[in-house]
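A.B. asks: So the chains spell out like this:
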Amino acid sequence: MQSYIPIFLMIGVSAFLGIVFLVLQRFLGPHRPNPEKLSTYESGMPPVKSARERFSVKYYMVAVLFILFDIEVIFLYPWAVNFRALGLFGYVEMILFILILLVGYLYILKKGALQWD
Amino acid sequence: MEISPVIEALIKIIVVIFFILLPCVAYLGVQLERKLSAWIQNRVGPNRVGPYGLLQPLADIPKLFFKEDIVPAAANKFVHSLGPLISLTIAFSTFAVMPFGDTLPIVVNGVVHNISLQIANVNIGVLYVLALSSLAVYGITLSGWSSNNKYSLLGGIRSSAQMISYELSLGLSIIGIVMLSNTLQLNDIVKAQSGYYLFGFLPNWNIFVQPIGFITFFVAMFAETNRLPFDLPEAEPELVAGYHTEYTGMKFGMFMLSEFLAMFAAAGMITTLYLGGWQAPYIEYLNLSPFVVSLVQVGAFFTKFALIVVFFMIVRWSMPRFRYDQLMNIGWKVMIPLSLLNIALTGLFILKPIHTWFN
Amino acid sequence: MDIRQQKILAALENKDTSVYFKDALDNEMVLNMGPQHPATHGVLRLLIKLDGETVAACVPELGYLHRGYEKLAENCSYHEFIPHTDRLDYLSPLMNNTAYVLAVEKLLGIEAPKRAQYIRTIISEMARVSSHLLGIGALAMDVGALTVFTWTFREREKMYDIFELLTGARFTTSFTRVGGLAHDMTPDVISAVKAFFDQFPEKFNECITMLNTNRIFVERLDGVGRISKEKAIAMGMSGPNLRAVGVDCDLRKTQPYLIYNEIDFDIPVFNDGDCLSRYYVRLNEVKESVKIIRQCLEKMPAGPVHANEPKKVLPRKEQVYTKMEELIHDFMLINFGVNPPVGEVYHAVEASKGELGFYIQSRGEGHPWRLKIRSPSFMNLQSTSMLVEGGMISDIVAVLGSLDPVMGEADK
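Respectively, the protein sequence lines represent chains A, B and C.
Each residue of the first sequence is one higher than the last, beginning at 1 in the numbering used here.
Each residue of the second sequence is one higher than the last, beginning at 1 in the numbering used here.
Each residue of the third sequence is one higher than the last, beginning at 1 in the numbering used here.
Hints listed in this document are in silico derivations from the structure and should not be mistaken for laboratory results.
Since this is a predicted model, take the numbers as computed values, not measurements.
Among the clues, some could well be false.
Stated by the list, open to error - Each computed EDC-like pair below joins lysine to aspartate or glutamate, with the alpha-carbon atoms no more than 20 angstroms apart:
#1 A:LYS37 <-> B:GLU284
#2 C:LYS287 <-> C:GLU262
#3 A:LYS58 <-> C:GLU70
#4 B:LYS67 <-> A:GLU36
#5 B:LYS333 <-> C:GLU219
#6 A:LYS58 <-> B:ASP325
#7 A:LYS58 <-> A:ASP70
#8 B:LYS191 <-> B:GLU284
#9 C:LYS311 <-> C:GLU298
#10 C:LYS372 <-> C:GLU28
#11 C:LYS372 <-> C:GLU70
#12 A:LYS58 <-> C:ASP51
#13 B:LYS333 <-> A:GLU72
#14 B:LYS77 <-> A:GLU72
#15 B:LYS352 <-> A:GLU36
#16 A:LYS110 <-> B:ASP188
#17 A:LYS111 <-> B:ASP325
#18 C:LYS49 <-> B:ASP325
#19 A:LYS58 <-> C:GLU80
Stated by the list, open to error - According to the in silico footprint, chain A covers these stretches of chain B (three or more CB under 8 angstroms from chain A):
#20 11 to 20
#21 35 to 46
#22 136 to 143
#23 178 to 187
#24 262 to 269
Unchecked claim - For the chain B half of the interface with chain A, some residues (derived, Cβ under 8 angstroms), not all of them:
#25 GLY195
#26 PHE199
#27 LEU202
Idealized CB from N, CA, C, for every residue including glycine.
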């Protein structure tokens, strides 16, 4: 655990730096708001409806696919670290794993989940 | 004289942030980018502030503090400030595991102290970098959502879709290296790249051992850093400025800063994983003292690093941008199969090395 | 104000000019692109309905740069309107000057001398080159290649220096006059033009090699914004956009004006009707224009640049100050204008954006009773929604860039 302390320190220092930036900006910059200035920019037009509405499901699809595949990628890491120790057996096993992964991949390809327009 | 590891780490962090990263952003980032783009575009570039315009970044960056911070009335104020903060923190934190060199032997009172030139030598270095690059999506997505602006929202969603798609091929590309070096520790991965390859003179860098992995990793890194040709989140002609449309002053500056830092982190990772990190080839023939060797190695790291950064910039100023569907097609239909192929081939070549194939 | 006018006014006042979509499904986002937007080439407003990244519907809204030039012309004398034509297609003002005076000359029944016609051809083609350079550069910038834009702008900048030398102004040239030109093309301008076009092909090749050999650029445009031949004709497309759908129609060949029938040049035609074809047509037109200018420079005869029609053509200033006759003509022309015969006339030229026509109706007065401008950008923009629907957001900018509209001309 000892070796992780610097990482937390680094995150702490950089977050602190970011907060310093925000605070400095708050005090150094002018502050003269008016309703026009604070309006949402939409090409110089009053916005048509709010931005916070439901948006297309296609974007969620990417997220779902990502989670499925990313977990499988993470499974590959412990195997890769021990690759030389596992030898041919591990290799064949993992090729099988990747093949199963590929079946899923081909399935989503066939289903058209990777058609973007 | 013994100093506690916490103090040592703090000193290293301060040195890295204030004496390496911020000057790098100012000169290798802002100034070089402006000058290089000017040279590419038949312009002169900044040449007024200081000799040859060298003080331009010092004028550019503080200026942002004196700009009004405009938060749109419809925005979520807290998240609006949180977005750039997350981006900046994540961008800095990546450098915690970056090995800038091996160890620097410093002799104090006749005792040799080996100072590790890496802030944190953790055993999950690679995973840490991957985790941070996943987290970087939050800064952009949150700022895109919080502005309550449709361009920002589209930019934010686009960028999350893009970054998570390339995250996969990024993770898959590195597996080849992990298989070769059997470690996730970045410094050990660099050490594993010592020696020579094939004909005895080509350095044993992963770029020569893992050409397919290098290409997929390189492209994925471009996509992760949102630079042209993958800068869809801030595609200027269609989305105005993408996720930072509603940001002004230093908050915008923080996005710029984190963008440059992300590019540097990408360059640093490419150097570390594929270009032998701090390894300087043929240095053992020169019979230098360990201290000088260490300095030369740091120099080697920064040379490779700077070359990659310059390459990033040249690409940015000479390429058009992808369309969303083209980008996703490359990510899902080209990069993932290629990196899976890379894993299979790497395993095959490790189990039966190339010189044993023809006997 | 009569009752009819009052009714029209009331209707205009009550008219809600905002645009709504009938059924905005919940997960479809309505986005405003323009009028103040980096990619809409001026002040075009596009209301788009998005399903994810796909454009479900698009409504273009024009008129943000409307200055009422057609109405203004009714209160200008024929000469006074020439500076206004600069502001139509502000990327090729010389071409508009030429087109307008050609229409007026047709109405008056006079013709400029040969040398003036050669010079008009040269400046028209130079305007075409400069406009297409911007079109290509802006298209490249819209799809993300910023650098090519500055490269083509460098060439345009050199051309503007020549325009400055020739007309005294870089942008608002107002160079032509009814029955001739403001003044002759001096030898140093001719040598400047020659010097420019000696180095131009190489520099131009540099720019387009950057684009043509770039796979991302070609794939961004290939098959995007496709329109069929019939639809393009039905929507009134003209110019490079029409020639990109395979219609071999160029007014320089079909209704030769100036001295185009004495010049040897080709009309580039491409058949795909997508953004890439439109880009290729422009690119090849630039090369043809260079050919035309070279031939014109070779063949250009010596002689006057003003028609010998004292009652219709403005006299030279130095003569006005020294000769009685000219002073009287100048007084009459400035105060009462050229009084063309009663009648109407339409003259169109092949401008850089398409068919630029001026329709003038005269009642024998010093100013037109009605002047209608057939602006190619306006007609080309009509098909915008047809071209972008079903594509992606990024395609909108590619389509707009390839249509190459100029809002000054579309809104008039």
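A.B. asks: Hint by hint, note whether the structure agrees.
C.D. replies: Outcome of the hint check:
1. A:LYS37 <-> B:GLU284: Between LYS37 (chain A) and GLU284 (chain B) the Cα gap is close to 63 angstroms, so the pair fails against 20 angstroms, i.e. violated.
2. C:LYS287 <-> C:GLU262: Holds, at roughly 18 angstroms.
3. A:LYS58 <-> C:GLU70: Roughly 48 angstroms between the alpha carbons, so the hint for LYS58 (chain A) and GLU70 (chain C) is violated.
4. B:LYS67 <-> A:GLU36: Given that 20 angstroms is the threshold and the Cα spacing comes to 17 angstroms, the pair holds.
5. B:LYS333 <-> C:GLU219: holds, 17 angstroms
6. A:LYS58 <-> B:ASP325: With a Cα-Cα distance of about 12 angstroms, the restraint between LYS58 (chain A) and ASP325 (chain B) holds, given a limit of 20 angstroms.
7. A:LYS58 <-> A:ASP70: This hinted pair holds, its Cα atoms lying about 18 angstroms apart.
8. B:LYS191 <-> B:GLU284: holds, 14 angstroms
9. C:LYS311 <-> C:GLU298: The given pair, whose Cα atoms are some 33 angstroms apart, is violated under the 20 angstroms limit.
10. C:LYS372 <-> C:GLU28: Violated, because 40 angstroms separates the two Cα atoms, which is more than 20 angstroms.
11. C:LYS372 <-> C:GLU70: holds, 6 angstroms
12. A:LYS58 <-> C:ASP51: holds, 9 angstroms
13. B:LYS333 <-> A:GLU72: Holds, at roughly 17 angstroms.
14. B:LYS77 <-> A:GLU72: Given pair LYS77 (chain B), GLU72 (chain A) is violated - Cα atoms ~38 angstroms apart, limit 20 angstroms.
15. B:LYS352 <-> A:GLU36: The given pair, whose Cα atoms are some 69 angstroms apart, is violated under the 20 angstroms limit.
16. A:LYS110 <-> B:ASP188: violated, 42 angstroms
17. A:LYS111 <-> B:ASP325: Cα-Cα ~17 angstroms, so holds.
18. C:LYS49 <-> B:ASP325: Roughly 18 angstroms between the alpha carbons, so the hint for LYS49 (chain C) and ASP325 (chain B) holds.
19. A:LYS58 <-> C:GLU80: violated, 57 angstroms
20. 11 to 20: Our answer is that it holds, as 4 residues pass the Cβ test (under 8 angstroms) against chain A, meeting three.
21. 35 to 46: violated (count 0)
22. 136 to 143: violated (count 0)
23. 178 to 187: holds (count 5)
24. 262 to 269: violated (count 0)
25. GLY195: Since chain A brings no Cβ nearer than about 17 angstroms to GLY195 (chain B), farther than 8 angstroms, the hint is violated.
26. PHE199: Result: violated, 24 angstroms to nearest chain A Cβ.
27. LEU202: This interface hint is violated because 22 angstroms lies over the 8 angstroms limit.
When each numbered hint is compared with the structure, violations occur for hints 1, 3, 9, 10, 14, 15, 16, 19, 21, 22, 24, 25, 26 and 27.
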